[in-house]
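So the sequence shown is numbered by the UniProt record's numbering: it starts at 1 and just counts up by one.
The set of hints was computed from the structure by calculation and includes no laboratory data. Yeah, the Cβ is synthetic: ideal placement off N, Cα and C, and Gly gets one too. Treat each hint with caution, since some may be false.
[As the list claims (entries may be wrong)] With beta-carbon atoms standing in for the labels, derived distance ranges:
(1) Q43 - L19: 32 to 38 Å
(2) Q25 - E2: 33 to 39 Å
(3) E41 - M1: 56 to 62 Å
(4) E41 - K20: 28 to 34 Å
(5) E7 - S31: 34 to 40 Å
(6) L36 - E2: 29 to 35 Å
(7) Q14 - D35: 28 to 34 Å
(8) Q38 - E7: 44 to 50 Å
(9) E2 - L29: 36 to 42 Å
(10) L36 - L5: 43 to 49 Å
(11) Q40 - E6: 47 to 53 Å
[To be verified] As a list, the in silico BS3-like pairs of lysine-lysine whose alpha-carbon atoms are at most 30 Å apart:
(12) K18 - K37
(13) K37 - K21
(14) K37 - K20
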Amino acid sequence: MEDDLEELLAQQAQTIAKLKKISGQIRSLLSLFQDLKQEQELQHPLCGCCGEK
1 MEDDLEELLA QQAQTIAKLK KISGQIRSLL SLFQDLKQEQ ELQHPLCGCC GEK
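Using the sequences and the hints given, assemble the complete structure.
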């Protein structure tokens with residue numbers, strides 16, 4: 001019974017580690033997309049009157 005609990009806890013720890021890694025990758029991608037959007041807006045600014053480029 002105790003071995004089963006330890007195995008379950010170990011599996012949960014591995015799952016948490018994988019989720020932390022994935023969430024870090026998602027944050028990196030979101031940051032990259034935000035940087036790309038800002039760069040695109042700098043290269044093609046809006047006209048100011050209607051929001052059209």
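If you draw a straight line from the CA of K18 to the CA of K37, is it 30 Å or shorter?
-> holds, 29 Å
Using the Cβ atoms, figure out if L36 sits within 43 to 49 Å of L5.
-> holds, 47 Å
Can you let me know if the beta-carbon spacing of E41 and K20 is within 28 to 34 Å?
-> holds, 32 Å
Verdict for E7, S31 (Cβ pair) under range 34 to 40 Å = Given about 37 Å between the Cβ atoms, the range holds.
With 44 to 50 Å as the target window, see if Q38 and E7 comply at their CB atoms.
-> For E7 against Q38, whose Cβ atoms are near 47 Å apart, the range 44 to 50 Å holds.
Has the given pair, K37 with K20, been kept, meaning a C-alpha gap of at most 30 Å?
-> The hint holds at about 26 Å.
Does the Cβ-Cβ separation between Q43 and L19 fall within 32 to 38 Å?
-> Holds, at about 36 Å.
Assessment of proposed distance window 47 to 53 Å (beta carbons of Q40, E6) | holds, 51 Å
Do the beta carbons of E2 and L29 sit within 36 to 42 Å of each other?
-> The hinted range 36 to 42 Å holds for E2 and L29, with Cβ atoms some 41 Å apart.
Assess, step by step, whether the Cα of K37 is no farther than 30 Å from the Cα of K21, and give holds or violated.
-> holds, 24 Å
Given a hinted range of 56 to 62 Å, is it respected by the beta-carbon distance of E41 and M1?
-> Holds: the Cβ-Cβ distance is about 60 Å, inside 56 to 62 Å.
Is the gap between the beta carbons of Q14 and D35 within 28 to 34 Å?
-> Holds, at about 32 Å.
Hint check: a violation occurs at hint 6 only; the rest are consistent with the structure.
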